[in-house]
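Chemist: Given chain A, work out where chain B should sit, using these hints.
Protein chains: 2
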Amino acid sequence: MLLYMQTKKNYQNLISKLEEISRLKGIMGIIQWDQEVTMPSGASEARADQIGALAGVIHERMTDNVLGECLNELNEQHNDFSVFERCNIVEARREYDLMTKVPKELVQSLAALGSRGHAVWVRARKENRFSDFAPVIKEFLALKKEWAACAYPDKSAYDANIDLFERGATSVEIAVIFDQLKATLIPFIQEIKQQAYQPDTSILSGHFPVEKQEALARKISEDIGFQFDKGRMDVSVHPFCGGSHPTDIRITTRYNENDFVESLYAVIHETGHALYEQGRMTDAGDLPVSESLTMGIHESQSLFWERMIARSREFCTHYFDMICQTFPGNFQRATIDTFYQAINACEPGFIRVEADELTYPLHVILRFEIEKALFEGDLSVDDLPGVWNEKMKQYLGIVPPTDTLGVLQDSHWSSGAFGYFPSYTLGAIYACQFFQAMQGALPDAKSNIATGNFAPIKKWLNENIHSQGRLYTPQELVMRITGEQLNPQHLIDYLKVKYSEIYRLHG
Amino acid sequence: MLLYMQTKKNYQNLISKLEEISRLKGIMGIIQWDQEVTMPSGASEARADQIGALAGVIHERMTDNVLGECLNELNEQHNDFSVFERCNIVEARREYDLMTKVPKELVQSLAALGSRGHAVWVRARKENRFSDFAPVIKEFLALKKEWAACAYPDKSAYDANIDLFERGATSVEIAVIFDQLKATLIPFIQEIKQQAYQPDTSILSGHFPVEKQEALARKISEDIGFQFDKGRMDVSVHPFCGGSHPTDIRITTRYNENDFVESLYAVIHETGHALYEQGRMTDAGDLPVSESLTMGIHESQSLFWERMIARSREFCTHYFDMICQTFPGNFQRATIDTFYQAINACEPGFIRVEADELTYPLHVILRFEIEKALFEGDLSVDDLPGVWNEKMKQYLGIVPPTDTLGVLQDSHWSSGAFGYFPSYTLGAIYACQFFQAMQGALPDAKSNIATGNFAPIKKWLNENIHSQGRLYTPQELVMRITGEQLNPQHLIDYLKVKYSEIYRLHG
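Residue numbers (our numbering), protein chains in the order written: chain A, 89 to 595; chain B, 89 to 595.
Everything labelled a hint here was simulated from the structure, so no lab data went into it.
Certain hints may be false.
Intra- or inter-copy, both count: the list cannot distinguish identical chains.
[Claimed, not checked] Straight-line distance between alpha carbons at most 25 Å, and here's what the computed BS3-like set of lysine-lysine pairs gives: (1) K97 - K192; (2) K584 - K113; (3) K534 - K214; (4) K192 - K113; (5) K546 - K307; (6) K281 - K189; (7) K105 - K192; (8) K547 - K300.
These numbers were taken from a predicted model, which means no experiment stands behind them.
Chain A with its partners taken away, still in its complex shape:
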């Protein structure tokens, strides 16, 4: 009995330490959101210092000796622990082991460079000057290699960075999956581009006032389940989903008056992320067991809504009238069918976040291959724009006219998020498999989408994914839900059927 009491007391100590860490990380979420959405431009130096200071405190808390001793005392196999408690202990130990290997100064340098790097990137992107941004990438590569050597001495530097976003995945395994996609998608895209029949994308042209885009995006985000009393929607250079807590989830987008599709689908994408966060288990505080699993699983949630749902014919059926009414005079020549085709048109373009489902994986594969080469010393940062453009030509047949439209387009490297990109395409594969499983469980799903009844679908995701937190590994989760491992063939089959029909390949 005494031992039991001591065990429970140790567990309570662990929980209060984890809660403090989670709250400080929530604050970091707010000041980072603020930096991208509301902070005055003149404050960027001071903000870098502030982020560095808070990162230092968080690192100190996460590597606290007392936390380590507390974890040493706890045996998660003990019968008295529930499955939730066990998961908190295991996750806390994994995190602690990872963190205690990295010196505080290195963590602070990474955080400060991330903040400064973002400002440099914004300017370099605006002024189309890659050479201004190159030193940030170089500094990050050096720091990230140093970090990898501390955190994952047994892994290659790039695999260590991938592990941060997609635990257990390796660049070798990812390369196999990506090669399978490349082998199919590159010739399939070429075939499509040679087809005589092409969707008429000109029906999407026009002028779309920002206020109307914003109202429409807000309406659709709310329809599919975003809770605005526990979140916000704002504008930033690059759309993202951030926040501080499941009750405070913040999505952003950017508006282009000549293109409402980009901003609307960015909102739906970020709403997918937000639904994951807002749907976390409610009775587990803000503790590790309730956290999102991996970036790949997170992306599966954003892509589930952005692609599997919102680029379906059923979704267009439901929203076509509302879209026409929002922008009167813009869709005179359009029908549900031509609208569906137009928003799914396969058009190799420069910008990843504007890419269609078919070409998107190639944007990701390009970045994955470049990151791999950078980390493995096969590519120097100064050669990056050249290699970028070369691969664009090889995979998509086009070359960006400026670096702003090429190597400078994404914010990821400005915050040091190397190894993140693969998650987008792993997420697309997961999303496709989850969608098939969801249809099995909810036979009316497609007709529900066509009538705007998204609640059962959101509920299915809440129950099967969001509220499962970290109770299972991604491999276990996909097996539980789909009865199968991650398998790119499902995505390939889905894309072939969908695009063959749109482009009348067998027509």
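Modeler: Coordinates of chain B only, in the frame set by chain A:
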């Protein structure tokens, strides 16, 4: 030489600790601003936890043994220290001594109650239910008395709370000053109200679209010197000036479509605070020596702009045309003269922040007397609305019809800021004395105001007050600038001259 090196090293240690504290406090500034401006309503519980966690970290840092030892080693009288360095040491020691007397748990309880209390207050004010808010005041009084007993064992609980905002001031001294004001202002206001001639305030009525008010306020704020690249202007329930750093100062206001004066003058008031913060010495980092001196001095800066400048005939002369153009059709019957009289009309009202210069001190005196009685046990919280209304009748001849328009109007008590209110009127006295000194130094000041040339005035404030930080006590500062101590007679004389002219008392 060795000793010198050791001293410099200790000082450097002190500075890096002070810098970390200042950065963490800056982060607190952002999450508090966020709470009032951008946070979704559903996040208030989580935010209270986050603020509690950060307050705990800041308290831990401010009471760190190593900081104490570092301060013990440092003798600020040492010849090697500049006057700036000395001030940093003295201020750090004062703060450290104050903080080490208060237990961390108490600091966290106060911070958490402040966050929760704010949400309770917003709702109670909206629903006109003082009884919902009363428990928060009671809890705060208990905690604040406990705090005072730890922090200032030699002072009464209320004096301890006053000292936090106006260092060195006591409730006895303030009562003397306030009694002097009461003795003059109550009969003077009665005399004015009995005058046959009254300004025509109906010329200020009308409909004032929020966007136009916002644009005008932004323009005037910028004209008088607010740097928008180092700050923001937003909307909140109660106007305030916050932020995280001299490069990140954030003011708020609230808009009423039927009254543009309230929001405009709130913006000018908060701009005065903001100019103080943006004008802090630039080469002293964000260290104690550069911080604002006291709340009274801070209020002197907001009131300097809001009243001494923006309620002057010269200011009206400059902006009357712009105001007429902003709201076409609204000021058909007005002239510069009637406009000046109308915005200065003495109208005893319920709301402090809407009060004119003459009645404002009585709002403050009422609150001061209530706080004093609450702390001294002469008044129970449940009797507060009754006493509030009684004093309103006695001082201003009116009784608020609801608590929303009475005891629930201010946010201060919801965050535990007892002892803050006196600063408003001490600030008004300082502002009046500073304005007279400024006119001595800048003989063209009034004509500069009339032509919208505010730069010399802002420069004078920057040089004489903002950039002086904490190098002098408030008493030394007012003596250096005006050659005199704080003296309410200047404010009384100024008000008598101004209002006798407006109300034609000697006409």
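Chemist: Would you mind marking each hint as holding or not holding in the structure?
Modeler: Evaluated hints:
no.: 1; hint: K97 - K192; in the structure: between (29 Å within a copy, 22 Å between copies)
no.: 2; hint: K584 - K113; in the structure: neither (42 Å within a copy, 55 Å between copies)
no.: 3; hint: K534 - K214; in the structure: neither (42 Å within a copy, 44 Å between copies)
no.: 4; hint: K192 - K113; in the structure: both (16 Å within a copy, 21 Å between copies)
no.: 5; hint: K546 - K307; in the structure: within (16 Å within a copy, 46 Å between copies)
no.: 6; hint: K281 - K189; in the structure: neither (51 Å within a copy, 75 Å between copies)
no.: 7; hint: K105 - K192; in the structure: both (18 Å within a copy, 16 Å between copies)
no.: 8; hint: K547 - K300; in the structure: neither (29 Å within a copy, 44 Å between copies)
The structure fails hints 2, 3, 6 and 8 (numbered hints given earlier, in ascending order).
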